[in-house]
Amino acid sequence: DVWGYGITLWEIYSLGERPFGSINNYAVHILLKNSSENISDFLPQPQNFGSIEAYTHIILSCLTYNVTMRPRFRDLRDSLMTILTNDQ
1 DVWGYGITLW EIYSLGERPF GSINNYAVHI LLKNSSENIS DFLPQPQNFG SIEAYTHIIL
61 SCLTYNVTMR PRFRDLRDSL MTILTNDQ
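Residue numbers (this note's numbering): 1 to 88.
Certain hints may be false.
Now the in silico label distances, taken between C-beta atoms and shown as ranges [what the hints assert, rightly or not]:
#: 1; residue 1: N24; residue 2: T82; range: 31 to 41 Å
#: 2; residue 1: A54; residue 2: G4; range: 15 to 25 Å
#: 3; residue 1: E53; residue 2: E11; range: 31 to 41 Å
Please keep in mind that the hints were generated in silico from the structure rather than gathered at the bench.
Glycine included, every Cβ here is placed at the ideal spot set by N, Cα and C.
With these hints in hand, go ahead and build the complete structure from the sequences.
Below is the structure:
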């Protein structure tokens, strides 16, 4: 699903860090359920994210708590293709 994809991208770009540090899965669920749709307040931002702002936007859009607000994989593909094309 898109949430899992976003977490995977976050882990890749953070070079293998745990997304929520030492917080256990149940506590993360409660935290996200009771928060706004922006979880970037709870995710540590890896140092190398600053150089890839477009990827950061994609990752955070995947991690929106409200399922209906997350992008579709088709939209993610298009966004990633645009980024890759512009980088060449």
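| Assessment of proposed distance window 31 to 41 Å (beta carbons of N24, T82) | About 37 Å separates the Cβ atoms of N24 and T82, which means 31 to 41 Å holds.
| task | Take the C-beta atom of E53 and the C-beta atom of E11, compute their distance, and say whether it sits inside 31 to 41 Å. | result | With Cβ atoms ~18 Å apart, the hint is violated.
| query | So the hint says 15 to 25 Å: do the beta-carbon atoms of A54 and G4 match that? | reply | 21 Å, holds
Taken one by one, the earlier hints fail for this structure only at number 3.
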